Every structure is written in C-alpha cells, then in structure tokens.
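J.: Below are the chains, spelled out letter by letter.
Number of protein chains: 2
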Amino acid sequence: MGDVNSEFSAGPLDYYRKQASFDWRKMKEFIYSKEELNFLKNAHNKIKQYPEFLPPTTALSFDEERYRTYRQSAIARGHPGVLFDEDFFMYYDFAPSTQTRLAMTLTVFNGILGAFGDEDLQEIRKQSEQGKISGCFILTEIGHGTNVKGIRTRATYDKESDEFIIHTPDFEAAKAWGGGLGNAATHALFFAQLYVDGKNHGPHIFLAPIRHPDTLLPYPGVTVGDMGEKIGLNGVDNGFLIFNNYRVPRKYLVNKTGGVTSQGTYSTPFESPSQRFAASLLALSGARVGVIISSETLGGHAVTIAVRYSGVRRQFGPQDEEIPILEYQTQQYRLLPYLASVYVFKVFSRYLKGIFNEHVRIIKQGDIHDYISMLGIEIHVITSAAKPLYTWIMRDAIQSSREACGGHGYLKAAGIGNLRNDQDAALTYEGENWVLNQQTSNFLLKIWPSILEGTTLAFPVNSGDYLNDAINILNTFKFSANNFEELYRLDVILDTFKWLVCYLLKRTYDKRQELLQNGANKFDAGNNIQVFYAKRLSTAYIQHFILKKFEEKILSCLDTSLKTVLERILLLYGLFSLDKYLDVLYQGGFIAGDRPASLIQDGITEMCSRLKNDAVSLVDAIAAPDFVLNSVIGSSDGQVYHHLENALFSSPYGTERPTWWKDIVNWQNIASTPPNSKL
Amino acid sequence: MGDVNSEFSAGPLDYYRKQASFDWRKMKEFIYSKEELNFLKNAHNKIKQYPEFLPPTTALSFDEERYRTYRQSAIARGHPGVLFDEDFFMYYDFAPSTQTRLAMTLTVFNGILGAFGDEDLQEIRKQSEQGKISGCFILTEIGHGTNVKGIRTRATYDKESDEFIIHTPDFEAAKAWGGGLGNAATHALFFAQLYVDGKNHGPHIFLAPIRHPDTLLPYPGVTVGDMGEKIGLNGVDNGFLIFNNYRVPRKYLVNKTGGVTSQGTYSTPFESPSQRFAASLLALSGARVGVIISSETLGGHAVTIAVRYSGVRRQFGPQDEEIPILEYQTQQYRLLPYLASVYVFKVFSRYLKGIFNEHVRIIKQGDIHDYISMLGIEIHVITSAAKPLYTWIMRDAIQSSREACGGHGYLKAAGIGNLRNDQDAALTYEGENWVLNQQTSNFLLKIWPSILEGTTLAFPVNSGDYLNDAINILNTFKFSANNFEELYRLDVILDTFKWLVCYLLKRTYDKRQELLQNGANKFDAGNNIQVFYAKRLSTAYIQHFILKKFEEKILSCLDTSLKTVLERILLLYGLFSLDKYLDVLYQGGFIAGDRPASLIQDGITEMCSRLKNDAVSLVDAIAAPDFVLNSVIGSSDGQVYHHLENALFSSPYGTERPTWWKDIVNWQNIASTPPNSKL
Ligand SMILES: Cc1cc2nc3c(=O)[nH]c(=O)nc-3n(C[C@H](O)[C@H](O)[C@H](O)COP(=O)(O)OP(=O)(O)OC[C@H]3O[C@@H](n4cnc5c(N)ncnc54)[C@H](O)[C@@H]3O)c2cc1C
Ligand SMILES: Cc1cc2nc3c(=O)[nH]c(=O)nc-3n(C[C@H](O)[C@H](O)[C@H](O)COP(=O)(O)OP(=O)(O)OC[C@H]3O[C@@H](n4cnc5c(N)ncnc54)[C@H](O)[C@@H]3O)c2cc1C
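Chains as they are written, first to last, in UniProt numbering: chain A, 1 to 679; chain B, 1 to 679.
It cannot be assumed that every hint is accurate.
[Stated by the list, open to error] Partner residues are not named here, just some residues of chain A that face chain B (Cβ under 8 Å, in silico): (1) E64; (2) R66; (3) Y219; (4) S274; (5) H369; (6) A520; (7) A525; (8) T605; (9) S651; (10) P658; (11) P675.
[Said to hold, decoys possible] Straight line, CA to CA, 27 Å or less: simulated DSS-like cross-link-like pairs of lysine-lysine: (12) B:K132 / A:K662; (13) B:K511 / A:K580; (14) B:K580 / A:K478; (15) A:K46 / B:K580; (16) B:K149 / B:K132.
[To be verified] These stretches of chain A come out as covered by chain B in the derived footprint (C-beta under 8 Å, 3 or more residues): (17) 89-100; (18) 279-287; (19) 298-312; (20) 425-433; (21) 552-566; (22) 583-589.
Hints were generated in silico from the structure; no laboratory data involved. Quantities reported herein were computed from a predicted structural model and do not represent experimental measurements. Don't be surprised by glycine CBs; every beta carbon is placed ideally from N, CA and C.
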C-alpha cells in the first residue's frame with residue numbers, strides 16, 4: 001500500500017528487479033517533474049485516508065458508482081492544491097471519472113468564461129470557482145457531434161426584452177453528452193446558432209442557468225436528464241438538455257468572439273465567420289491535452305499490471321523448471337513496444353502541456369487573435385494528430401495487456417477491464433479520432449503548394465521545419481542501415497520518418513489532384529484520400545515530432561545508465577512505429593530487397609529482448625501505488641497467487657451457495673413453468 | 001420485434017434497402033442451412049415468450065445476471081430440440097453466457113464421458129443428460145493454463161482400497177476456471193497427474209462427485225467456489241476446486257486413453273505418452289469450433305448495429321443537406337471489411353463444423369487412434385489457426401463498430417460494449433491465441449523437409465495440397481495484376497496467398513535453422529521465430545483455405561445477383577487480408593515498384609464503395625431479431641433517434657434527481673468531513 005517513493009517488498013519480482021540496469025527511482029525523477037511527483041505524492045497520501053477513494057470491497061451498482069464519484073469530486077474540491085489543482089489534476093493516476101468531471105465542470109467551464117466572457121460573466125465564473133454553482137459545457141447535440149456547425153439549437157435575440165430565446169426544435173437538437181450535466185449542473189455553457197433579425201450568425205457560446213442551486217430542480221422551460229449507463233466512466237453524469245423558448249439575458253452570450261448590442265447589432269473582432277469559429281474551437285484544445293495525458297496514464301496502468309504478471313507467471317521451459325512468460329519473444333512483443341510507447345508519450349505530453357500553457361500565457365497578455373496565430377495553429381495541428389495516435393496506441397496497449405495475462409487477466413479483479421472501458425471514451429470525445437486526424441493532414445495539404453514553390457515556412461515549435469527541405473529529402477534520402485548497429489541509430493529512424501512525411505504528403509496531394517482532375521468535387525476528393533493517404537500522413541507527421549522530442553529529452557540526461565535504457569526505449573518505439581510503414585517505404589523506393597524489412601522486424605524483437613530485464617523496473621518507475629492500481633495480478637509485491645487466493649475466496653459467492661440455490665437443484669420447476677409473459 | 005423472416009418496417013433505412021442489388025432473404029437462405037434457420041426461428045419464437053430472455057429493463061447486478069443465466073439454462077434444457085440441441089446451440093445468436101454454460105456442462109462433459117469413458121461411466125453421462133446431476137470440465141489450474149502437462153493435481157492409485165486419492169498440493173494447483181463449477185456442478189471432469197506405484201503416467205482425465213445434488217453442499221475433502229466477477233460472461237459460473245486427499249473409485253478414471261487395473265498395472269492403447277496426450281486434447285477441438293462460431297456471431301451483431309447506424313446517422317455533406325456517414329470512405333473502411341469477414345467466416349465455420357462432425361462419425365465407427373489420424377491432425381491444424389484469426393478479427397470488428405458509432409456507441413444501450421466484453425474471453429479460452437497459432441506453424445515446419453525432398457503429402461481435406469508444389473510456386477509465381485480488373489480476380493488473390501504460405505514457411509524454417517546453427521537450443525530457436533515468422537505463416541495458411549472455401553461456396557450459387565455481391569465480399573476480404581502482408585510481398589520480390597501496393601490499397605477502398613449500397617441489406621440477411629440485438633441505435637426500423645429518446649428518458653435517473661441530491665447541493669459537508677478511515 002506504501003508511499004510512492006518507498007521500496008517495494010521482496011518477492012517474486014526480485015528476479016528481474018535485481019537484473020535492472022538502472023535505478024527506477026532515478027528514472028522516475030527523470031521522467032516526471034519534481035512538482036508533478038510532489039503533487040501525486042500528496043494526493044495519494046490524502047486520498048488513501050478516504051474510503052471513497054479506496055478500492056470498493058463489493059461491486060458497485062450504477063447509482064453507487066455515480067455517488068462515489070460525486071463524493072470524490074466533493075472531497076477533491078475540498079482540498080485545493082492537494083487534490084484539486086488546475087495545473088496538476090490532469091496527472092491524476094486515480095479516479096478517471098472524477099478527473100473527467102472536474103475537468104469539464106471546472107477547467108473547461110471556468111476556462112471558457114474566463115477567456116471569452118466579458119466582465120458581466122466573471123461573477124458567474126467566481127461563483128463556480130467557489131462551488132456555489134456547478135457548470136458544464138456542451139458542444140454536442142443528439143444529432144450533431146463532429147459537425148458542430150450543423151447544430152440546431154437556436155438563440156434568437158429579442159430586442160424587446162433584450163434577451164435571447166433559446167429553443168430546441170426537436171429531440172435531435174437536444175444538447176447531449178455534457179459532462180456534469182446529468183445530475184448536477186446548475187449552469188450550462190453551450191453552442192447555439194445565433195439569430196439576430198432573422199439572420200444566422202453561426203454557432204456561438206451561451207450561458208444558461210438550468211437548475212436551481214438549492215433544489216436542483218430545473219427551471220421552467222428546461223428539460224434536463226442523464227444519458228444513462230455507458231460502457232465506462234459511469235461516475236460522470238453526462239446529460240442532455242432541452243430548451244423550450246427559454247429566455248436568458250443578453251449578457252449570457254459569451255461575447256468576446258462575437259456579440260450583439262442592445263440595438264440588435266452583431267459584431268465580431270474577427271474578419272470572417274470561419275476565423276471566429278476557428279478561434280472558439282482552438283480554445284478547446286486544452287481539454288484535448290488532458291485526454292492525451294489521461295489516456296497514457298490508463299495505458300501505463302495496464303502495461304504495469306501485465307509486465308509484473310509476466311515477470312511472475314511461469315509456463316513451460318526448456319528444462320523441468322518453468323520460465324517467466326516475460327522470457328517469450330511473443331510476450332515481449334505484446335508488451336514492451338507499449339511500455340516504450342508509454343514512456344515516449346509521457347515525455348511528449350509534458351512537452352505539449354508546456355507549449356500549450358505558454359500559448360495561453362501569450363493570449364492572456366495579447367489579444368483574441370492570438371488563438372489563430374501560427375503558434376495556435378501549430379499546436380492545434382500537433383494535438384490533432386497526437387490525440388488519435390495516443391488514444392489508439394493506448395487502446396491497443398490495454399487490450400494487449402489484457403490478452404497477455406491469459407485467463408486471470410479476464411478477472412475483474414485483475415483491473416484491466418475497467419481501464420479499457422474508461423479509456424474507450426477517449427477515442428471519441430475531444431474530437432473523434434478519424435475526423436480529428438484530418439485537421440493535421442488538411443493543414444499539411446494546404447501548405448504543400450507553398451513548399452513546392454520554395455517558400456520557407458516558419459513553424460514556431462519546429463514540428464515541420466524539415467518540410468522546407470522536402471524536395472531534397474525526397475530526392476536524396478535512402479535507408480542506409482545494413483546491420484543492427486547501423487539500424488539502432490536514432491537519426492536513421494528520424495530520417496526515415498522525415499522521408500515518410502514528405503512522401504506521403506506528396507502522394508496524398510497528388511492523389512487528391514488526380515481525383516479532382518477526374519471530375520470529383522472537392523468534398524468527395526477530400527474524403528476519398530483518407531484511409532491510405534491522409535491518415536497515414538498525419539500519423540507519420542506526429543510520430544516524427546514525438547521521436548524528436550524524446551531524443552531531446554535523452555540529450556538532457558546526465559546519468560548514463562538511464563541514458564542507455566532510454567535510447568533502447570526510443571529505438572523500440574521508433575522501429576515499432578516504422579514497421580507500420582514498410583509498405584510505403586518499399587513502394588517509394590526508400591528501401592528495397594529482402595534485407596531492410598527483416599532488419600527492422602528482427603530489430604524490434606532484438607530490442608525487446610534487450611529491454612526485457614529492465615521491464616519490471618521500467619514499470620516500477622511509472623507505476624501507481626498498489627491501492628490505486630488495484631490489481632490482484634499486478635501489485636508491486638508480485639504475490640500474484642496470494643492475492644488471487646484472497647480475491648477468489650472473498651468474491652461475491654466465494655465458497656457459498658447463491659441464495660437461489662434451490663432453483664438449481666429443482667431446475668425442472670423453472671423449465672416446466674409456462675412463460676409468464678407473451679410478447 | 002418481429003419474426004426473423006418478416007419484413008422490416010419502413011423508415012430511414014429504406015434509402016439503402018431500396019438500392020440493394022439483391023434480395024436479403026435469398027442471401028440468408030444461401031448462407032445458412034434450412035435446418036439452422038429453422039432452429040433459430042423456433043428458438044426465437046420460444047425465448048421471446050420468456051422474460052428471462054428479454055432485454056432487462058434495469059441494469060442487472062452480478063447476482064441477478066448469474067441467476068438470469070441460470071434460469072435461461074433451465075428453460076433451454078426444458079426445451080430439447082427447440083432451445084437445447086447438441087447440434088445447433090452453437091448457433092445461438094442470443095444469451096452468450098447461457099450458450100457457454102450449456103456447452104461446458106453438457107456438450108463437453110457428456111462428450112468426454114461418451115468418447116473416453118468406459119461402460120461404468122455411461123450411467124453418469126445419462127444422469128447428466130437427464131439433468132439429475134450437473135457436470136463441468138477443468139483442464140486449467142490457477143498456476144497452469146497453456147502448459148497442461150505442467151498441472152499439479154495428483155491422482156494416486158491406492159491398491160488397498162482400489163481408489164484414487166485426488167490431492168491439490170497448494171492453491172496454485174487448484175483446478176480453476178471450470179465453467180458451471182462455480183455455483184452448480186455436482187460432478188467434475190478434470191485432468192490430474194496419474195501416479196501408480198510412485199510413477200507418474202502424466203495427465204489423465206478423472207471424474208469426481210463434488211457436491212451433493214440435493215443440497216449443493218460440497219463433500220468433505222472438496223473445497224469449491226466461484227471465480228468472482230469477470231470482464232464479461234458473468235452469467236457463467238466459472239469456479240475453482242481444491243481436493244484434500246479426496247477418494248474416488250478406480251472406475252472414475254476416464255480410461256479409454258489409459259487405465260489402471262485393480263492390480264495397479266497401467267496400460268494405454270497408444271504407443272507413446274505424447275500420442276495418448278495428443279489424442280485426449282484433439283478430442284477437445286469441438287469446443288473450439290463452438291468458440292469460432294459464437295465469436296463470429298457476436299462480431300456480426302456489432303457490425304449489424306454499426307452499419308445500420310451509419311445508414312441513418314448523417315453528418316456533413318457537400319451541400320446543405322447532410323449525408324449518411326456510410327458514404328464516407330473512412331466509415332466504409334472501418335466497417336465493410338469486417339462485414340465481409342463475418343460473411344466469409346460464417347461460410348467457413350459451417351464447413352469446419354461439417355468436417356468435424358464427419359471426423360467424430362469416423363471415430364465412433366472406428367477406434368480411438370482415429371483421433372490422431374491425418375484427418376484429425378489436419379482438422380486440428382486448421383482449427384488452431386482459424387480460432388485466433390476469427391477471434392482477433394471479430395475483436396477488431398466489435399471495436400471498430402463501437403468507435404464508428406461515435407458517442408452514442410459508448411452508451412450501454414447501443415449494445416456494443418457487452419459484445420466486446422463477452423467476446424473478449426474467446427481470445428483466451430480454448431487455446432490462448434498466440435500459443436494456439438504455434439500448433440499450425442509447428443506442423444508446417446515439421447513437413448517442410450519432406451516437401452523439399454519431394455515427398456507428396458496427402459491432406460485429407462486439401463487445405464495444403466499446393467504445398468506439394470511449393471518449389472515451383474516460389475520460383476514462378478508473381479503478381480500479375482496491373483489494374484482493378486485484373487486485381488479483382490480471385491485466382492490472383494489465392495495465388496498470392498499460396499506464394500505467401502510457401503515463402504513464409506521457407507523463411508520461418510530457415511530462420512530457425514539459422515538460430516540453431518548460431519548455437520540456440522531447440523526451445524529458444526522455436527520461441528524466437530514466432531512474432532514475424534511463424535505467426536504470420538499460420539495466419540496466411542488459414543487465410544488461403546478460408547478464401548478457397550468461400551470461392552467454392554460462390555461456385556455453388558445459382559442466383560447471379562447474390563453471386564455478384566458475394567464475389568465482392570470475397571475480394572474485399574481477400575484484399576483486406578493481403579494488405580497485412582504487403583511488406584512480405586515486397587520483401588520476397590513477389591511485387592515490386594510503386595504500383596502493386598497502391599493497387600491493392602485503392603482496390604480495398606474501391607471495393608468498399610462498390611459494397612456500400614448493399615451493406616444494409618447484407619446485415620439484414622444476418623441480423624438477429626431486434627429483441628435479441630437490443631440496440632437503440634441498431635434496430636431494424638432505423639428509428640435511431642426515437643429509440644434514443646426513449647432510452648434516455650427511461651434511463652436510471654432519467655430526468656429525476658438522484659436520491660442523494662442534497663449531497664450535491666451541500667457538497668461542502670462532504671468536503672469538510674474528516675475522513676472516517678485511516679490506512
Ligand atoms: C463519455 C463521453 C463524454 C462526453 N462529454 C462531452 C461533453 O462534456 N461535452 C460535449 O459537448 N460533448 C461531449 N461528448 C460528445 C463527444 O464530443 C462526441 O461524441 C464526439 O464529438 C463525436 O461526435 P458524435 O458522437 O456525434 O459522432 P459523429 O460525429 O456522429 O460521428 C459518427 C461517425 O461518423 C464519422 N464521421 C463524422 N463525420 C465524418 C467525416 N466528415 N468524414 C468521415 N467520417 C465522419 C465519425 O468518424 C464517426 O465514426 C462526450 C462523449 C462521450 C462518449
Ligand atoms: C471465461 C473463461 C472461461 C474458461 N472456462 C474454462 C473451462 O471451462 N475449463 C477450463 O479448463 N478452463 C477454462 N478457462 C481457462 C482457459 O482455458 C485458460 O485461461 C487458457 O487456457 C489460458 O491459460 P492461462 O490463463 O493459464 O494463461 P497462461 O498459459 O498462463 O498464459 C499467459 C500468457 O503467457 C503466454 N504463454 C504461455 N505459454 C507460452 C509459450 N510457450 N510461448 C509464448 N507465450 C506463452 C500466453 O500466450 C499468455 O499471453 C476459461 C477461461 C476464461 C477466461
């Protein structure tokens with residue numbers, strides 16, 4: 001149960017721990033900042049005092065889980081700085097539902113009011129900060145998610161009363177999915193089409209009081225309810241919201257991107273509606289960074305469980321004695337590339353959060369147009385490709401971990417099933433993965449003609465600098481490795497990714513031109529390049545940048561034992577990622593013949609085997625404390641069978657008969673009773 | 001709610017239904033046998049009379065789900081021929097837990113007693129058939145799953161009393177996971193190491209009465225309990241079992257593969273212990289066929305839901321009007337290859353079941369050695385590669401369907417989450433996928449030297465006939481398609497797979513030789529060729545055979561409208577499968593240059609677009625009735641929003657406040673209450 005920084009107890013995992021080539025404590029301090037470690041240490045110390053945060057001893061019903069999350073949120077809010085901290089709670093490695101609730105009801109709600117609301121609305125923000133009211137934010141409608149512009153909730157300005165009339169024309173236009181809305185929100189921020197004098201000015205953000213803070217009863221004209229059971233994150237009260245000609249004062253239009261005077265005159269500081277709309281959406285990337293981080297946290301839990309179990313579980317062996325399954329090539333391949341991904345991702349997301357914070361700082365000092373500055377756009381381009389990549393790889397990490405633990409991994413007590421269920425939402429929210437990827441590829445496609453023309457483009461955080469050299473890269477880069485030694489160099493992998501991005505960009509662009517020339521309209525041409533062109537382009541783009549950032553991180557490392565293992569991690573991740581592009585490499589002539597594919601693939605399994613003795617210590621360095629991880633097969637003491645025994649004997653039935661055992665004995669009674677319902 | 005064969009109600013899906021190029025009823029009758037359709041029709045008519053089989057109106061607790069499954073099993077057993085039918089209940093498209101329970105407690109338990117038990121044990125089998133006792137079958141122990149030979153439960157023959165003393169040395173040796181064991185089994189069939197006079201004769205199957213049939217209390221010397229909550233299939237009472245020097249009469253050794261006389265003499269009809277062991281394991285492939293079929297059924301449900309939803313859901317469009325998301329290339333790619341897989345798999349598994357039944361018939365007429373006849377081995381080789389392929393592709397089908405439905409797909413009421421949870425077990429049981437694949441590759445590696453020597457090998461069901469021509473294939477086959485027309489020919493795809501199998505077999509074999517020559521021992525050499533060699537080999541082997549069987553099925557089709565769409569299905573499935581081998585094709589020089597990869601990949605998206613107008617009717621032909629599918633977004637009437645509205649308003653909270661709403665208002669009370677527990 002111990003403290004994050006304490007030693008692990010002696011046991012079956014010692015076999016690998018003793019073989020580790022580095023000190024896991026130093027690794028921990030290298031990967032995480034002191035502030036983050038401190039925050040988590042204090043947070044763990046706090047939550048373990050509260051039964052609400054300890055593993056439940058019996059299965060929770062839907063209502064119990066919801067209530068538990070609610071209590072957790074309340075406790076968190078009661079501990080500002082320790083549990084509730086704007087800057088750090090995205091690093092929670094516990095309580096994903098509570099984390100999501102806090103993010104939506106506080107960071108997002110307060111953040112939007114702070115950024116886009118004028119003075120009038122800051123009072124509401126303060127009340128929210130003080131917990132006097134409770135907010136939520138709803139972009140989505142039942143009928144519209146990805147196509148935000150297509151939403152159908154209306155806000156019509158009524159000059160007479162100086163109010164907006166908010167109306168939901170039908171159920172498809174009901175605002176939907178708002179986190180925090182289902183049971184609790186007193187106030188909603190939401191997008192609606194702004195109508196003034198019969199003219200639609202497009203989606204704008206509005207505020208509405210929806211429930212009385214003392215009774216939680218909805219106001220007349222408001223229908224609000226809960227979305228019901230979900231696959232996971234059931235602690236979060238996602239809700240729906242229907243307005244029936246509901247009136248809010250004019251000041252409840254969150255107006256910094258566009259407002260209406262009492263005379264009914266609309267004005268916006270942006271040149272075009274699409275710029276205005278882009279600015280309000282770009283402001284939402286913060287939540288996306290949160291999703292990225294929590295996804296990598298859940299994936300890290302799964303890999304921790306599976307690596308530890310694989311270090312203890314024995315099956316078969318060359319002689320009589322059985323060997324840990326971590327010794328098998330397949331088991332290594334099923335886990336270690338994901339362990340490497342977690343490491344690489346952790347470093348990159350902390351970098352991403354850094355540049356995001358910097359951007360927010362600039363905006364606060366500057367003006368609203370900074371949202372659509374080149375820095376704002378580059379951050380958006382990076383985040384839009386990183387979020388799908390992270391969430392898909394972590395999805396696979398969790399699934400592979402589950403399978404790698406065999407039958408016992410299918411026990412709820414193994415803890416992997418819940419991780420999968422909770423992480424699953426991340427594939428969809430904050431931008432559905434497939435569509436989000438298009439943001440990145442569309443940007444790249446847009447700049448390609450300039451690159452061809454030789455215009456030098458500036459990338460404020462340098463993610464695409466090499467694109468200025470694209471023609472040269474396409475003409476001259478070739479795969480140069482002939483053996484492991486030459487392959488295991490990061491510049492070889494980085495250069496390969498540079499070539500891949502240039503090649504895929506050119507191909508995607510050309511393919512689209514070809515479709516257009518063959519008569520496709522723009523809409524179709526854009527859609528019909530996605531699967532094998534644009535999507536792979538945007539992934540390659542972010543892969544290169546992620547690898548580069550990890551390389552920089554390694555360069556900052558002064559401890560050679562850490563450095564060696566970090567290099568292996570990077571190489572494994574790099575080769576594992578490259579393997580998915582072998583067809584493109586062959587196709588474009590970057591590689592040829594029998595050797596390169598074998599080299600890369602054998603390089604992956606070889607790198608796995610070089611990392612396997614370090615794997616347990618690598619998860620030790622990122623593992624959540626046992627009471628958080630809450631896995632009978634993944635705890636730090638490695639006492640898998642001991643914990644399994646306890647879990648089985650104390651399971652709901654344990655060794656007892658069910659209360660309805662007589663129905664088992666007399667099954668014929670059931671079988672012969674005629675059905676008591678007819679359809 | 002209608003009958004399987006009735007029409008669907010008019011609605012939003014008409015748009016696609018009207019465009020279908022074939023009659024879904026004819027397709028249904030072409031894919032399924034009359035007998036199967038009849039069985040399902042009668043089963044649906046029966047179960048819909050029982051509330052136990054109707055969708056629960058509120059979320060079920062663990063105990064309620066277990067009890068519901070128990071009642072379903074009882075009802076099924078009360079309807080022999082209609083619901084409980086040895087030959088057909090593997091086709092259940094409803095109640096996966098009940099299906100699994102019935103398979104384990106009846107088919108497997110009775111099957112083993114019938115096949116391997118002598119006259120003495122047939123009385124027990126009859127009692128089980130009559131439902132007087134309840135069985136289970138347990139190979140697995142807490143500490144041993146895949147390595148069955150490593151199990152540690154002992155059965156020691158005691159000449160004095162003419163009994164076996166069954167003993168579990170420690171918790172790791174507890175029998176584990178037995179389906180039907182947790183709450184109900186009165187009798188267990190299980191593997192234990194047979195000791196006679198201090199000599200271990202290896203794992204044999206034993207029978208033991210474990211609970212009193214009238215009280216369900218365990219007998220002295222027996223500890224039995226439930227495994228507790230699982231990720232899915234919670235209706236199945238998987239259990240564990242511990243023996244404390246528990247005695248059973250000698251006749252409770254299931255002795256057809258090896259027995260002991262009252263004098264304590266051990267004898268077996270097999271030449272070697274490994275042959276004997278192989279025969280008892282081969283007999284278990286029946287359950288594997290069941291897993292294959294139920295996996296493809298669950299995957300089919302998911303694809304049905306997602307395709308229908310995609311036919312109704314609209315998002316964006318070239319003009320003002322939004323288009324169904326099924327029109328998007330990405331959405332097609334995310335669903336249609338899986339839809340094609342379901343079709344191809346359905347045909348193949350019915351073929352597989354046919355040859356399996358034939359084999360059982362031969363054994364019944366012949367003798368026990370027929371288990372290890374070439375036919376038995378070939379069936380095992382096919383099944384061992386097919387089970388991982390099916391279960392992984394269906395896992396991906398379910399996951400992709402879930403994601404393709406966006407946020408609403410994350411609702412429990414969408415019905416995809418449960419499918420994923422239940423199907424997940426199939427990746428592990430009846431042979432963990434990665435290890436099971438080795439059965440196929442090991443066989444192929446074993447025959448390769450004979451092939452090289454020119455020995456002609458006979459494959460009773462012809463799965464590997466072309467291997468006899470391997471050298472020629474490797475030397476002469478090349479990819480010949482230059483355009484879609486030439487690509488869209490099944491022989492091109494089949495030939496490519498033939499080449500792939502030969503090439504991968506040669507490479508895998510050579511790689512192993514290389515490792516051996518470099519000093520690796522046999523164990524390591526065998527393990528270190530798995531990831532990029534042996535596994536891909538066994539998958540390619542089964543892909544070829546599956547494609548071939550579907551081709552044969554198409555040849556038997558007399559209706560040209562069906563034939564056209566079936567050919568597209570086969571081509572899509574074939575190209576989708578080939579895409580995963582592009583690296584190997586380039587590497588081995590089967591393809592070269594820019595064109596082939598593009599042709600294959602563009603061929604996939606092109607084939608998707610040719611199938612999209614048929615997709616809704618294709619799922620109609622395989623869809624379960626709505627009350628079985630139980631999905632608010634996937635029902636046959638396409639009334640997505642109507643069903644969503646009902647579901648949301650009648651969800652657990654609906655528009656009501658939780659009972660604990662005052663705690664939301666007064667959250668500070670919770671926040672400021674000191675924790676009532678200290679760790
Ligand atoms: C747990 C959870 C919490 C959430 N919390 C909130 C919240 O607090 N506030 C909020 O506003 N929303 C919230 N959402 C909603 C979420 O933002 C949406 O689900 C998401 O934006 C996707 O929209 P959708 O569900 O309408 O899917 P759709 O947009 O309908 O997408 C369905 C499918 O169509 C595809 N598709 C759509 N357009 C295209 C295209 N142009 N090209 C190709 N394919 C396309 C998608 O890729 C997807 O496969 C939440 C969702 C979940 C699951
Ligand atoms: C829902 C459910 C129902 C079940 N019902 C039954 C039942 O009725 N009766 C019964 O007897 N059993 C049952 N089982 C148990 C099931 O058969 C086992 O879980 C399965 O055989 C795998 O064994 P294991 O769990 O011990 O995994 P292990 O064998 O411990 O495998 C763990 C990991 O090690 C890897 N591994 C093991 N050996 C090797 C190797 N040589 N090379 C490479 N990797 C290796 C595996 O691939 C896996 O990733 C059930 C399981 C489940 C989940």
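J.: Take the hints in turn and mark each one as holding or not.
T.: Evaluated hints:
At its closest, the beta carbon of E64 (chain A) sits 10 Å from a beta carbon of chain B; the interface hint therefore is violated under the 8 Å criterion. The criterion of a C-beta within 8 Å of any C-beta in chain B is met by R66 (chain A), whose closest approach is roughly 7 Å, and the hint holds. The interface hint given for Y219 (chain A) is violated, since its Cβ lies 13 Å from the closest Cβ of chain B, which is over the 8 Å cut-off. A hinted interface residue such as S274 (chain A) counts as satisfied when its beta carbon comes closer than 8 Å to some beta carbon of chain B; here the least separation is about 15 Å, so the hint is violated.
Proximity of H369 (chain A) to chain B is violated relative to the hint, the smallest CB-CB distance being about 27 Å (cut-off 8 Å). The beta carbon of A520 (chain A) is not positioned within 8 Å of any beta carbon in chain B (closest approach about 10 Å), and the interface hint is therefore violated. A cut of 8 Å between beta carbons decides the hint on A525 (chain A): the least distance to chain B is about 11 Å, and the hint is violated. A least Cβ separation of about 6 Å between T605 (chain A) and chain B falls short of the 8 Å threshold, and the interface hint therefore holds.
For S651 (chain A), the interface hint holds, since its Cβ comes within 8 Å of a Cβ in chain B; the closest pair sits about 3 Å apart. The interface hint given for P658 (chain A) holds, since its Cβ lies 6 Å from the closest Cβ of chain B, which is under the 8 Å cut-off. Given hint, P675 (chain A) at the interface with chain B, holds; its Cβ is 4 Å from that chain's nearest Cβ, closer than 8 Å. Between the alpha carbons of K132 (chain B) and K662 (chain A) the distance comes to roughly 14 Å, so the proposed pair stays at or under 27 Å and holds.
At most 27 Å may separate the alpha-carbon atoms for a hinted pair to count; K511 (chain B) and K580 (chain A) meet this at roughly 22 Å. Between K580 (chain B) and K478 (chain A), the direct Cα distance comes to roughly 24 Å. Compliance with the 27 Å bound is thereby established for this hinted pair. At roughly 49 Å between alpha-carbon atoms, K46 (chain A) and K580 (chain B) are farther apart than 27 Å, so this suggested pair is violated. A distance of roughly 32 Å separates the Cα atoms of K149 (chain B) and K132 (chain B); the hinted pair therefore is violated under the 27 Å criterion.
Requiring three or more residues with a Cβ within less than 8 Å of a Cβ of chain B, the coverage given for the segment 89-100 of chain A is violated, as only 0 such residues are present. For a cut-off of 8 Å, the count of residues in the segment 279-287 of chain A with a CB near a CB of chain B stands at 0, and the three-residue condition is violated. Only residues whose beta carbon comes within less than 8 Å of a beta carbon in chain B count, and the segment 298-312 of chain A has 0; fewer than three means the coverage is violated. Figure legend: the segment 425-433 of chain A, annotated as covered by chain B; annotation consistent (6 residues with Cβ-Cβ distances under 8 Å, at least 3 required).
Coverage of a stretch by a chain is defined here by at least three residues with a beta carbon nearer than 8 Å to that chain's beta carbons; for the segment 552-566 of chain A and chain B the count is 0, and the condition is violated. With a threshold of 8 Å between beta carbons, the proposed coverage of the segment 583-589 of chain A by chain B holds, since 6 of its residues qualify and at least three are required.
Of the numbered hints stated above, those contradicted by the structure are hints 1, 3, 4, 5, 6, 7, 15, 16, 17, 18, 19 and 21, listed in ascending order.
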